[in-house]
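Protein chains: 2
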Amino acid sequence: MSGPLTERRQTILKLVIQEFVDTATPVASETLVRKYRLPVSPATVRNDMAALEELGFLTHPHTSGGRIPTDAGYRFFVENLMERTSLSPAEQRMIRHQFYQVRGELDQWVQLACAVLARTAHNASVATAPRAEQLRFKSLELIAIHETMALAVMVFHGGIVKQQTLPIEPGRTPEDLRRAAGIVSDLLADTTLSRAEELAATATLNGIPLSDFERGLVDLVVRAMQAFEEQAQEQIYSDGLLEMLSQPEFLPASGRDDAERAIERMRRTLEILKSGRGLSPLIPQALASGGVQVIIGGEHGEDAMRDYSVILARYGVEGAIAGVLGVIGPTRMAYPRSISTVRYIASLMSNLLAELYNVNARPSDVATDTQDEQRA
Amino acid sequence: MSGPLTERRQTILKLVIQEFVDTATPVASETLVRKYRLPVSPATVRNDMAALEELGFLTHPHTSGGRIPTDAGYRFFVENLMERTSLSPAEQRMIRHQFYQVRGELDQWVQLACAVLARTAHNASVATAPRAEQLRFKSLELIAIHETMALAVMVFHGGIVKQQTLPIEPGRTPEDLRRAAGIVSDLLADTTLSRAEELAATATLNGIPLSDFERGLVDLVVRAMQAFEEQAQEQIYSDGLLEMLSQPEFLPASGRDDAERAIERMRRTLEILKSGRGLSPLIPQALASGGVQVIIGGEHGEDAMRDYSVILARYGVEGAIAGVLGVIGPTRMAYPRSISTVRYIASLMSNLLAELYNVNARPSDVATDTQDEQRA
DNA sequence: CTTAGCACTCTCGCCTCACGAGTGCTAACC
DNA sequence: GGTTAGCACTCGTGAGGCGAGAGTGCTAAG
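Those protein sequence lines, which keep their order, are chains A and B. Start counting the first sequence at 185; every next residue gets the next number (the working numbering). Start counting the second sequence at 185; every next residue gets the next number (the working numbering).
A portion of the hints provided could be inaccurate.
Each pair may be met inside one copy or between any two copies, as identical chains are not told apart.
Here are the simulated lysine to aspartate or glutamate pairs, DMTMM-like style, with alpha carbons at most 20 Å apart [stated by the list, open to error]:
hint : residue 1 : residue 2
1    : K198      : E237
2    : K346      : E317
3    : K346      : D291
4    : K346      : D374
5    : K346      : E381
6    : K198      : E267
7    : K458      : E427
8    : K458      : D487
9    : K346      : E289
10   : K346      : E413
11   : K198      : E214
By construction, these hints were calculated from the structure, which means they are not laboratory data.
Work out the full structure: start from the sequences and follow the hints.
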C-alpha cells in the first residue's frame, strides 16, 4: 500500500523537514504547495504524505494539524536529502578571529569552542578538554610562595599543565627547590604513568637514592598522573543553554499541558547538560570514530535524550591527543548548518593542536574545512 | 489606623515568613493558628495581619487567599526577627572534608565553593575568583614543548598562575630558555604592573641590555598583567541552577498564566547568572564592606532582580586578596540557613587563602565560623 | 482588645460549545 | 494509474459559564 519512495516524495519529505525546522509547527499540505509553488495539488501532496507516514518518515501528532518528521525521517534527510554546506567565508573568518585572540592560552580553547559553537548553531554545545591518549610527563617546576609553601607546576606532553601547592619545610632556598625539581624532572622525563610508578618504587636516579623531599615530589607527580588516568568519565563543558532555551520547543505554545511539558523539558535538559547523563556514553563512541556523528532523538536508546539530537565530532591529533565537541538541541534542528559548524570548529581545533604538537601545521591556512565523511 | 508593631505582630510576621518559606503558598490566618497553636483566634490574627499590611510588611496577591511577605517584611525579618544560626557541626565537617580533598589545587576552590554553596543552601550560587588587590609578579618559567613552541608559566603573588604558549626560534636549548626566564624573573621580581611597565621600557638588567628574546618575554608578562588589570568586571562563576529551578517558584502551579511566567522567570534567571547583569554591580559593594550582605528583591533598584534575593560575603585576606561568594534565589528564601552557609564558606575560603599567604594560619582548626557582623 | 458570625470576593477546575484547520476518502478527470 | 476537486469528519483551541472552596473584611457582641 505504501508504495515506493519516489523522487517527488523525497522532495516532499525534504520540504516538510525544512518547513518544520523553520516554523516549529506541524506542516500542512496546502502550506507546502503554496510556499514552495509545487506543481501539484494539495491532495496529491496529502497522498504522498500518507505514503511517507506509512514508510515511517512522518507522523501525525493529531488527526487534524499537519505532519512532523519522525527520527527516521530526520535520519533519511541527513543521509540522503541534505545538501552539504559549509559555513560562509565571513563566518569562518569571524570564528578564526576569535580563536586568534586567545592564541597561546590553550586553557581557554575549549571554552571558546563551546561559546562559538552555541552562538553559531543556535543551540547548546558540549565539549571535552583534549586528552592525551597516553599521558606523558614532561617536567616539574617548583616555585616558593612563602617559607612553608610552594607551588608545583607539572607539565605534561601536549601542553597539559597541572598546578598544585604543597607544604615545604622552612629554610629551603629557591636553589634547593630548583635542584630537587630538576632531579625529579630528569628522573621522570617522558615517562608514562606505569613507568613513573616503577621509577617511584626504585627511588634512585643514576644509582643515587633520592632524598625524602624528592621522593615526596615523585609521589606528587605520580598521584597527579593517577588522578588524570582514573578520571574515567570526562568532564563535559557546555555552553549556550540560553541559546537552546530560546527555541520554540521551550515556549508554552498553548494550553497549560504544553507549558508544563516545556518546563519539564527545560529541567531535564539542564540535567543532561550538567550531569552528562545520556551524553557521556556518546563520548567514547565519538572519540573512536572519525568524522561527524549525528545521533537523532531516541536512536541511541537513551530515553532521556528522546527529544534531542546530538552532533558530535572528534578533534585532536591522530595518535596523540583528542577530544570531542558538538552541538545538542531538539531533534527539530537545522542539521546542515549544525553539522557544518561542528565540522568547521573541530577542524579548527585540530589544526590548533597540531601546531602545538608540531605536526602537519598549516600556519596561515589554519582553518581549512576538510570535507571528512560525516557518518562513521 | 495601622497601630504599633506589637510583640505579637512581630511574632505573626515571623511565622508568616517561616510558613511561606516552607510551603510557598500564601498563608491564611487559620492555618497559622492551627499550626503554631497560637493562643488567639484567627480573627485576631487577621486584624494583626491587616495592620502588618498597612505597615508594608505583608501583601495580598488576591482578595481571597492568604498573605505573603513584602520585601520590607523580609528585610525586617532578617534584621530583627531571625535567630542567627550556624550550620550543624556535621555539615561543617562534611564541607571541610570536601575542601580537604582538593587542598593544594587552588584553581578548584572557587568551583567547589559554588557547588557546596548551592547544595547546602538549595539555591544557585555565585562566586568570583580571588583577586589580588595589587597584582605582583613573582617568576616566570619557560618549558619547551617542541623545537618551535614553548610554554610560559607566569606565577604571581598569592598563587595566581597564568600559562601561555609562545613560538620560539628553533635551536634554543632548555638551558637557554631557563636562563632567559631567570633573567626576566630577576628583572621583574615582586613588581606591580606600573613598575613592570617602567622596567620594560628601560629593558636593562643591572645595566646590561636585554636580548630581543628577553624583551619579548618581558612584553609577554606585561601584557598578561595588563589583561588582568583591564578585566574590569570580574568573571562570575555560578552553580546550582538546577537546585534553584527545583524551587516551587519555577513550577507551573496552576493556570497557564502562571506557567508562562514560570518559564519567563526561568529564562531571566539564566540570563542573570550567565551574563551577570544585575549582579555585577553588587560585587564591588560586597568587596568593599565586610560581613555578609543581604539584598532582598528590588531593594537594589535593579528591575531584573525584583524577584530575587542575593546574599553575598567577601572572602580573602585583608589587604592582599579578596573575592566574593554568595547565594542567589527567589526572595522566598530560607534566610537564616543561607546566611549561615555563606558566612561559613566565606570564612573557610578566607582561612585557606590565609594559609597560602602565611598569615594568621590555623592549620588544624581551619574552619572556625567567626561570627562577623552580618550587615554592612 | 478579642472573638464569633457572616457576607463577599476571587481563584481554580471543569464543562460546554463553536470555530477552524487539516485530513482522509470518494469519485471524477486526464 | 496518477491526479484532482469536493466534502464529511476529527480534533485541538479558546472563550465563556458555573459551582465549590478558601479566606478575608466587617460588624457586633463579649
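These are the hints, each one checked on the structure:
| no. | hint | result |
| --- | --- | --- |
| 1 | K198 x E237 | within (14 Å within a copy, 61 Å between copies) |
| 2 | K346 x E317 | within (17 Å within a copy, 25 Å between copies) |
| 3 | K346 x D291 | both (11 Å within a copy, 10 Å between copies) |
| 4 | K346 x D374 | within (16 Å within a copy, 23 Å between copies) |
| 5 | K346 x E381 | within (18 Å within a copy, 29 Å between copies) |
| 6 | K198 x E267 | within (10 Å within a copy, 65 Å between copies) |
| 7 | K458 x E427 | both (16 Å within a copy, 11 Å between copies) |
| 8 | K458 x D487 | within (17 Å within a copy, 29 Å between copies) |
| 9 | K346 x E289 | both (14 Å within a copy, 9 Å between copies) |
| 10 | K346 x E413 | within (13 Å within a copy, 24 Å between copies) |
| 11 | K198 x E214 | within (16 Å within a copy, 62 Å between copies) |
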